[in-house]
Every structure is written in C-alpha cells, then in structure tokens.
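There are 4 protein chains.
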Amino acid sequence: MAKLYFRYSAMNAGKSTALLQVAHNYEEHGRKVRIFTAAIDRRFGDGLVTSRLGPQREVETFDDKTNFTEALGTDAADLSCLLVDESQFLTIDQVRDLHRIAHVTGVPIICYGLRSDFLGNPFPGAAHLLTLADSIEEIKTICACGRKATMNVRIDEHGKRITQGAQIAIEGETRYIQTCGRCFYSDA
Amino acid sequence: MAKLYFRYSAMNAGKSTALLQVAHNYEEHGRKVRIFTAAIDRRFGDGLVTSRLGPQREVETFDDKTNFTEALGTDAADLSCLLVDESQFLTIDQVRDLHRIAHVTGVPIICYGLRSDFLGNPFPGAAHLLTLADSIEEIKTICACGRKATMNVRIDEHGKRITQGAQIAIEGETRYIQTCGRCFYSDA
Amino acid sequence: MAKLYFRYSAMNAGKSTALLQVAHNYEEHGRKVRIFTAAIDRRFGDGLVTSRLGPQREVETFDDKTNFTEALGTDAADLSCLLVDESQFLTIDQVRDLHRIAHVTGVPIICYGLRSDFLGNPFPGAAHLLTLADSIEEIKTICACGRKATMNVRIDEHGKRITQGAQIAIEGETRYIQTCGRCFYSDA
Amino acid sequence: MAKLYFRYSAMNAGKSTALLQVAHNYEEHGRKVRIFTAAIDRRFGDGLVTSRLGPQREVETFDDKTNFTEALGTDAADLSCLLVDESQFLTIDQVRDLHRIAHVTGVPIICYGLRSDFLGNPFPGAAHLLTLADSIEEIKTICACGRKATMNVRIDEHGKRITQGAQIAIEGETRYIQTCGRCFYSDA
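Protein chains in written order, with my numbering: chain A, 1 to 188; chain B, 1 to 188; chain C, 1 to 188; chain D, 1 to 188.
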C-alpha cells in the first residue's frame, strides 16, 4: 500500500525545508529514512539538503547512474520512507524504478522537485513523476507580483532574463527566480 | 487571473461526467462555455462528450492541426470557460497555446484527460499539462482490487493483457481497464 | 485502512452527480455499495439522489434516529463503500459513528454535503465531518460573478435575500444560491 | 480576490516550520507580513513561533479579546499576508472577522492549526475555519504505526493516555501525541 508522492513547486518555495521536516517527523518515531539529493546540485555543497531557514543536513547523492533498487538493497525491508530532493534530475528509468519500488517492494517514496525549466519545458524526470505519482501535491510560493508562482525564469548577474542555454545551469552567476504564468509571458 | 486546470484520472473514472457538470454550472448562470473533445476518439460518435451515467452532448472537436487561439477568436472576450475532454491527445504546442491563452488572454481553461498510456508512459500532451497547469486535480476511481486506480491496461477481446502496440488504439476490439500501481506490476 | 472522506461544496455544484458516478464506478466492478440521503430533503422525492444532469436513483434515507452501525449490520463485511448524500444533516453522534465504522470496521465512507448554512454558520454534522475526515475534498462551482462559490444564500420567490429563519428550510418557495465570499458580504 | 486559507494537521507535523517558510518567502520579495500566535501557548515562550527543526521567531500574540480588524488598522492596505499560528484557539467571532477581512479588505490570511482535541472533538475556532476557509490543506504527519496521523491523544508524564480533563491543557506535564484513526480507537 506504499505510494509514490511528488511534491512540486517553483524555485525558492521551501521544498528542502519540507523534506527536512518530514525526515524529522519519521525519525522522532524512531523510524528509518534515507535521503538523496542530486549530485549535480552543489549550490550548498556536495550531498547537502539545505533549508533557507537555516537547517541543513548531509545526505546521499544520486546521479544518472544510481540504481535505487541496488542502493536500497536489503535496507528496503526496514525503511519507513525514501526521500529524494531535486528529483527533477532523476532519469526516466529511475522514476520507473522508484514507482516499482513503492508498489512492489512497499517503500513509501516522497520526491521533491521542480516541474519546468527556465523556458517552461518539462524536466524529463519531473514529467514522469507527474505521470506516475500516486499523489501530486504543490508547495506554494509567490511571484514578485503577489500571485502564486508556477514558472521559473533564469536571470544573469544583473537580474536580466536569459532565454537561451542548456536546460541545466546551476553553477556560477546563473540564478533563477519564480514567477506566475502572467509574468512569465510578459517580457520582464 | 485565469488559470489552466488539469483534472486527470485513469480510465472510466467519470471525467466526461465531471466536464458536463461544470458546463451545466456555468450555463445555469447564463455564462458561455466552449467544449472540445479529440476528433480521434469516436467511441461514442464524432464530437460527443458522453457520461457513462447517461447524459451526452455534442461538442466541437480538435485534432493535431487545431489552433485554439484562432478557434476562440474574438469569442475569447466573453467566454467564461474553455473545457477540453480527452486532453491527453493535445499536442505540446497546443498545451503551450492553452497556457498562454489562460494567462495572457484571461480565459479559464479546464482540461480533462489521462496521464499515462497502457505501458505507463506519458501522453506528451498530458505531460505538458501536468508541467504547466496552475492546478492539478485527481478524479479518483478504483482498481478491481479496491485500491485507487492510477494506471491503464490494454486488454484484448478476451480480457487478456496486451503489452505491445501503438500508444493510441481506440477503435475495434481494444479496450482498457484501470488498475492500481500494484496490480499494474503484478501480472505484467 | 479504510477512510472517511468528506467532499463538500456550495449549493448546486454537482455533489449528487459525483456520488452517482462513484456508485457506478464501484458497481461496474461488481462491488457492493449502499447509499443514504437525508429523509429531510424531499425536493426531488423521498429517498432519491438526483443529478441535475438527469440521472437519479432510489436510495435509503437517514434521519436523526438512524444508527448506521445497526443499519449496516452484517452487511459491513462485504460492503465496498458507504455513500452519504446531504451529509450536513447528520448528527454529531452519527458522524462519530461513521468515523469509527471506517477505522474499526474498515468500510470506506464518502460523505457529500454543504459546509455552511445561509448565514455562514456551520451545519453541526458538516463541522464534525470536516474535523474527523481523513480526506477533505472540494467540489468546485461558481458564483454569479465568476469567482469560486463557497457560501450559500437563501432567497425568496422574488430572488430577494433572506437573512432570518431556521437553519433548515427546504420546502416551499425558499431557494438557495451559491456565492463567493465577496458577494456574500456585499448586500446583494 | 484574497482568500482565507486553513492549513491543518495533527500535532507535531511541522505547522510552525511551514508558517516560518511562508513568511520567509514573502519577505524575500520585500513584502510585509504580520504573524500572530496564541497567547495561551507558552510552551516555547510568549509570542514565539518555533520550528522543531530549530528556527524560531518573535511574533505578535492574540487572545480572546484581540480584534483583528483593529489590530491591522491602516496596516491592512500594504499587508501582503496575515499568518496565524495555533489558530484552533481563535474564537468564532475572530474567525468570522478574518473571513471578512480576506474578502472585504482583501488581505490574504493563512491560518495554521489543529482540528480536534484529545477526545476527537472540534476546537470551535478550527470548526469555523474549516467551514469558511476558501482553501483547506493538510500538512501530513505520521502515527507511530506508520499510517497518516489525523487525531491527537493526551498522555501523562508516563506516556499513559488521558481521556478526561479540559479541552485546553498545555502547561506542565501534559503532552500530546498524534495518531491515526485506527490507533485512536484501539486503546481508548
């Protein structure tokens, strides 16, 4: 009866905070969780889940080659929850594997991630999580205009919008802000 | 402030019933809606939205070439809602267009559709609706085992599962049943 | 693992349609459901659940004296779902009983109902359903102004708002319209 | 178009963490929020909202005599959000006032709180928030058995369940644990 959950949001909504709170809730009951984040995202250091409220925690990392079934191994039997941050970077095969682990092995899995990139295109991992998750929940945040933010915009070091480049650009001067649909289409 | 809604479910959950109810709710207030369904789906006839409870209604049809911005035309100004059934058959460009219509033109748009095909792969239109929708809501139904159904399985005229073939097969003897994640993997 | 669900809405949203669809979904799998509506609500006849789209169905009725544990009796063992329409008219004790039936006996229970009366005050049964339900879901509908309706307003035969009288008034010339919060406070 | 939100959960789910994150999200955009918590709840000190992950923050307090319309005063005009923690302790009149402030004055209001007390009875403030809120959202947490917790149980200093006493008992040795519906009834 375990389920695959996808909790999505735009940038800067508090996904990592929410993940750390869930881990805390399980561990307070003496239950075991395992936490992964993308090796690709080193904004705060390698293998760290960092809440913008302050708390952070060392976790395991995944990359394109991670096999979650193998990574869990015999651990799956006494695991109360698998938590994955930055889950938009999962491959399609990894999402299929996680879906199977939830339903066949019976480990509840909660993935936190973005839906779309700076051009409004889906991250393949996110699109498959949205397709297969038993439960899809939004973590809300706001656009600068006050409406709910659903989109992500890439900006340069001067705050100017960038509409070209690779889907993934995390390091260096590149930054992201979240916007509502209306502001996404205005040429701010 | 208009939004793009995606209301998804597995097969046989009551999507068309829900759509017809929403249209009725708007029209009871003297408000104008327009309704489209996929030209590809002729199970119940061309351009019909049919509730399995009985009611049905003639509606407009869309195919790969439909340009919704043009189809709405000047109508958009006094349109209270655009309803799309079988929205998993939308193209990616059509979904982008609908997202823009909701946010720039300001017409609320509610799309009803499936998420995944008989192999658990996303319909491209559905994946983009899940990625861009301002609100994602599930219409629930059950698996034969009693759990919530999230997946779709193709069966032949003898009820035997089919795991090969094109993503879209609607006519003839092909049929679909909805299953939970566990049953989807159990007799694959 | 059974749950108590409360699916609420303002007037005229399609609660009865939704209930009939769920019953159909269960019965299509050969599963047994039982359906109750309030004896107090005879707008469409005694013991009828009526969709404004057309379909209707004879069902059992409950009043203040109905004991659901007794009413289900040995039937509970092979019941896939108990559906209750007009559940705002349940007594507090009946809601507690239904919550216990879901969790101890293991029958999934889905209640459809209003939240508040024509003055914005809770129906006691609804307040307890909102308090105890494992899942709270909204069936949305619109106000005449186009916003989401959440409130109910009582009007007389001339469409004039009434702000005095008993909480329950169903028969005769009394009617109800649904409004958003803003229109509820304007003196329309 | 402002709304009244009620985000409920059982004890120990992370309501205060979620509130602090939302405040952070608004303030990061240079937007003004005001935060209130119940004067009655001094577990962590007077006028503190404390996340069990670590962060805490001094906030304003409300008691039975607080008039929110007066408390906001001319501030309402440039307030982006009013956040209320421990909102189950609001009076009925305060909830009505907040509902009116959201819809007439136009300030978005997000209330965090419990639904039911240690006997499964509603807190009056929570029952009215559930009745009037434009959006009801659950912050999930788990029971010791691993299921979703929805109920609260009062225990003494030895961990023994208490089923008598006043609805509100915060100070001293009294503590609370959250349980699922099944565990709530199992050892009553």
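Treat the hints loosely; a few may be bogus.
As a list, the in silico SDA-like pairs of lysine to any residue whose alpha-carbon atoms are at most 20 Å apart [as the list claims (entries may be wrong)]:
no., chain 1, residue 1, chain 2, residue 2
1, D, 140, A, 73
2, C, 148, B, 31
3, A, 160, D, 138
4, C, 3, D, 138
5, B, 3, D, 144
6, A, 148, D, 31
7, D, 148, A, 29
8, B, 140, C, 1
9, C, 32, C, 80
10, A, 3, B, 183
11, B, 32, C, 53
12, A, 148, B, 1
13, A, 148, D, 148
14, B, 3, C, 148
15, A, 140, B, 31
16, D, 3, C, 1
17, B, 148, A, 135
Bear in mind the hints are in silico, worked out from the structure with no lab data behind them. Here the structure is a predicted model, which means the values were calculated and not measured.
Checked hints:
no. : hint             : verdict
1   : 140/D with 73/A  : violated (28 Å)
2   : 148/C with 31/B  : holds (14 Å)
3   : 160/A with 138/D : violated (37 Å)
4   : 3/C with 138/D   : holds (15 Å)
5   : 3/B with 144/D   : violated (40 Å)
6   : 148/A with 31/D  : holds (14 Å)
7   : 148/D with 29/A  : holds (13 Å)
8   : 140/B with 1/C   : holds (17 Å)
9   : 32/C with 80/C   : holds (6 Å)
10  : 3/A with 183/B   : holds (13 Å)
11  : 32/B with 53/C   : holds (17 Å)
12  : 148/A with 1/B   : holds (10 Å)
13  : 148/A with 148/D : violated (28 Å)
14  : 3/B with 148/C   : holds (12 Å)
15  : 140/A with 31/B  : violated (30 Å)
16  : 3/D with 1/C     : violated (34 Å)
17  : 148/B with 135/A : holds (11 Å)
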